[in-house]
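Using the sequences and the accompanying hints, generate a full structural model.
Protein chains: 2
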Amino acid sequence: MKFIHTSDWHIGRQLHHQSLLDDQAFVLEQIVFLAKAHKVDAVVIAGDIYDRSVPPANAVALLNDVVTQLIQDAKVQVLMIAGNHDSHERLGFAASQMSSSGLHIIGPLTSTVSRVQLTGKNGDAIFYSIPYAEPSRVRSLLDVEVSTHEDAMQVLLKQTTQDDSKGLPKVVVSHCFLDGGSESESERPLSIGGADRINPDLFKPFDYVALGHLHGPQYKGAEYIRYSGSPLKYSFSEINQNKSVTLVELNQQNKPPSIELLPLSALRDVRVISGFLNDVLEEGKADQNKDDYLMVRLQDKHAILDAMGKLRNVYPNVLHLERSGLMSESSNIEIKKDHIKQNEMDMFSSFFSQTTGDELSDSQQTFMKQLLNGLHGAEE
Amino acid sequence: MKFIHTSDWHIGRQLHHQSLLDDQAFVLEQIVFLAKAHKVDAVVIAGDIYDRSVPPANAVALLNDVVTQLIQDAKVQVLMIAGNHDSHERLGFAASQMSSSGLHIIGPLTSTVSRVQLTGKNGDAIFYSIPYAEPSRVRSLLDVEVSTHEDAMQVLLKQTTQDDSKGLPKVVVSHCFLDGGSESESERPLSIGGADRINPDLFKPFDYVALGHLHGPQYKGAEYIRYSGSPLKYSFSEINQNKSVTLVELNQQNKPPSIELLPLSALRDVRVISGFLNDVLEEGKADQNKDDYLMVRLQDKHAILDAMGKLRNVYPNVLHLERSGLMSESSNIEIKKDHIKQNEMDMFSSFFSQTTGDELSDSQQTFMKQLLNGLHGAEE
Numbered sequence: 001m002k003f004i005h006t007s008d009w010h011i012g013r014q015l016h017h018q019s020l021l022d023d024q025a026f027v028l029e030q031i032v033f034l035a036k037a038h039k040v041d042a043v044v045i046a047g048d049i050y051d052r053s054v055p056p057a058n059a060v061a062l063l064n065d066v067v068t069q070l071i072q073d074a075k076v077q078v079l080m081i082a083g084n085h086d087s088h089e090r091l092g093f094a095a096s097q098m099s100s101s102g103l104h105i106i107g108p109l110t111s112t113v114s115r116v117q118l119t120g121k122n123g124d125a126i127f128y129s130i131p132y133a134e135p136s137r138v139r140s141l142l143d144v145e146v147s148t149h150e151d152a153m154q155v156l157l158k159q160t161t162q163d164d165s166k167g168l169p170k171v172v173v174s175h176c177f178l179d180g181g182s183e184s185e186s187e188r189p190l191s192i193g194g195a196d197r198i199n200p201d202l203f204k205p206f207d208y209v210a211l212g213h214l215h216g217p218q219y220k221g222a223e224y225i226r227y228s229g230s231p232l233k234y235s236f237s238e239i240n241q242n243k244s245v246t247l248v249e250l251n252q253q254n255k256p257p258s259i260e261l262l263p264l265s266a267l268r269d270v271r272v273i274s275g276f277l278n279d280v281l282e283e284g285k286a287d288q289n290k291d292d293y294l295m296v297r298l299q300d301k302h303a304i305l306d307a308m309g310k311l312r313n314v315y316p317n318v319l320h321l322e323r324s325g326l327m328s329e330s331s332n333i334e335i336k337k338d339h340i341k342q343n344e345m346d347m348f349s350s351f352f353s354q355t356t357g358d359e360l361s362d363s364q365q366t367f368m369k370q371l372l373n374g375l376h377g378a379e380e
Numbered sequence: 381m382k383f384i385h386t387s388d389w390h391i392g393r394q395l396h397h398q399s400l401l402d403d404q405a406f407v408l409e410q411i412v413f414l415a416k417a418h419k420v421d422a423v424v425i426a427g428d429i430y431d432r433s434v435p436p437a438n439a440v441a442l443l444n445d446v447v448t449q450l451i452q453d454a455k456v457q458v459l460m461i462a463g464n465h466d467s468h469e470r471l472g473f474a475a476s477q478m479s480s481s482g483l484h485i486i487g488p489l490t491s492t493v494s495r496v497q498l499t500g501k502n503g504d505a506i507f508y509s510i511p512y513a514e515p516s517r518v519r520s521l522l523d524v525e526v527s528t529h530e531d532a533m534q535v536l537l538k539q540t541t542q543d544d545s546k547g548l549p550k551v552v553v554s555h556c557f558l559d560g561g562s563e564s565e566s567e568r569p570l571s572i573g574g575a576d577r578i579n580p581d582l583f584k585p586f587d588y589v590a591l592g593h594l595h596g597p598q599y600k601g602a603e604y605i606r607y608s609g610s611p612l613k614y615s616f617s618e619i620n621q622n623k624s625v626t627l628v629e630l631n632q633q634n635k636p637p638s639i640e641l642l643p644l645s646a647l648r649d650v651r652v653i654s655g656f657l658n659d660v661l662e663e664g665k666a667d668q669n670k671d672d673y674l675m676v677r678l679q680d681k682h683a684i685l686d687a688m689g690k691l692r693n694v695y696p697n698v699l700h701l702e703r704s705g706l707m708s709e710s711s712n713i714e715i716k717k718d719h720i721k722q723n724e725m726d727m728f729s730s731f732f733s734q735t736t737g738d739e740l741s742d743s744q745q746t747f748m749k750q751l752l753n754g755l756h757g758a759e760e
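Residue numbers (the working numbering), protein chains in the order written: chain B, 1 to 380; chain H, 381 to 760.
Rather than coming from a laboratory, the hints here were simulated on the basis of the structure.
Quantities reported herein were computed from a predicted structural model and do not represent experimental measurements.
Glycine is no exception: its CB is placed at the ideal position from the N, C-alpha and C atoms.
Warning: the hint list may mix true and false statements.
If you want the footprint, here are the derived chain H segments under chain B, 3+ residues with CB under 8 Å [unchecked claim]:
1. 429-438
2. 441-447
3. 460-472
Following this line, the structure appears as structure tokens:
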């Protein structure tokens, strides 16, 4: 059984109000290509298929297109679960009418954990799917006393560990937050205060654990307990992540699987550029990837008229501009209460050094004194 | 080939802000029952499956439930098309992955009209499905010059008339407005000014035409060119309609099918009650169907404190209250410009007769004169 593990497609997502649908179509096309090239038996998507519970119609059309290519053209089985961004009922509509075609959508959590035997050219495997669920949902569904995500997961996993897979490898697909996992800025917290963290050891009894939620590829507890990460960078905090899908080949039960990361390339990368405006503009002329999604940090210390407009003449997809040159190097600027007791000259010196990082020069001090004296003279 | 033709389920619809989901579940359950009882081969739903392009999650869950019962339990094929209320992309998601299970959803119109051969115990039939489409959509999709719904339908039907059904009966499923059809208040107009009307004769070359859009059951042009109507009364304008589904048994090609209307009963009927408040309340005590959805027309001519509250003590689902007693019998009240020239006594008499339907009595006239004189006295 050979499959691609991916997650967090977030189809329909925007980056700083910029639609990413073209970028998503481009990267999902690669996943279809990789599925064919590696002759996988299945593609498993571990939740957050869409970005919103009500995805826009063109996002639905894109997923429809990708699924049809995988199932009909590539003859690859597809298994997907609902994440915390998805509407479980909407995603799960008519799921049982699709399964005979090889499309397995697990929308709302049910009291018996979904168990699907996927067919592999070199042996089948059992996939247990646990879509994202609040502890309260597990509590009412199974009539058990659970208050944390970990408690809830423990109860659900108990069903799957007890299940007899007849010697076939066991895979768990879930959308949750493993304790110690590295977050990015583009994930929506599952709960406040850490009650969403789950001990990775809970997943040790399985042959592979295909997780979704965290957007950086990583594993916790064991190499086979993994997040594939999202296929695209969904925030500027992810600029150094290498996005990929995970190619998994299961061996016999209780033997570690082969795992390989297959890199994905983006239609437009997400990058941060720092420098002085003129340098940035100059370098931009020769930049091969002018249409990347950019955050630009300008080091210039003086006011610039329409910096965004000038940058977009060269880089059309500058999405965010930071004037780091106008801030002191210390990012924590505290305005102390004492300041209101300072005289105007002291206050201005202090403001100047905080915002520029430099002290006032002698000539600047003289100029300011003259200016302040002039103002006070005018008042009297 | 024996099938049930129904349409305009509008799952998720409200009636005067009252959710109808329980009522819809109740009546759809009957359709499942009738499908089993009459051993039909298929259930055909001619559009407006949901009431809104983004149906609430519990509406999706209800449709999922009904479809699963029909396909899995009753082994009945289901064919549904998108109407003008549905989101074609959302409804049509993964449609090709469902068709092998016997669930045929035709979401967005495609350049080749959908052609599905449904299996019948006594012979198959070909179903051509034309989901609701604006003429502009047909224009861009097929690159033809059409401006009206009729032009567009003519182009689409041309494909189906030319198609060789190999002697099998031909059924068209569509969501449109036939010229001369009777409207209810609960349909959303397809366009303004009559450009949505289609000549029923266009549909004559087929063996049965299963239409949706109009909420009252009716046929136009020929008995086999039919609207099944909605399964529930979705406005007070439908109180006298008998809601039903249409049972169709096709014979050989070009022979008229057998058609029978199977009545549906509602969990709560939609009714109008007229009378004086005390009579209405008195009769309500013995009313077996107190929880029907009611519009109450009160004939009382005097002000009543909290009439709605009093009525709802007896009839909990009074949704609308009309004080017909406070209006003259002529519903067209015209305030003529001449009125501003009348003196106060004439104006009041005229107002009194318009709103009550009665003339001022002698004693009322005397009282008003005294009142007006008193007011003028106070002014001077």
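Status of the hints after comparison with the structure:
1. Coverage of the region 429-438 of chain H by chain B holds in this model, with 4 residues showing a Cβ closer than 8 Å to a Cβ of that chain against a need of three.
2. Residues of the region 441-447 of chain H lying with their CB closer than 8 Å to a CB of chain B number 4, which satisfies the three-residue condition for coverage.
3. With a cut-off of 8 Å between beta carbons, the region 460-472 of chain H has 5 residues touching chain B; three or more are needed, and the interface restraint holds.
In this structure, none of the earlier numbered hints is contradicted; all agree with it.
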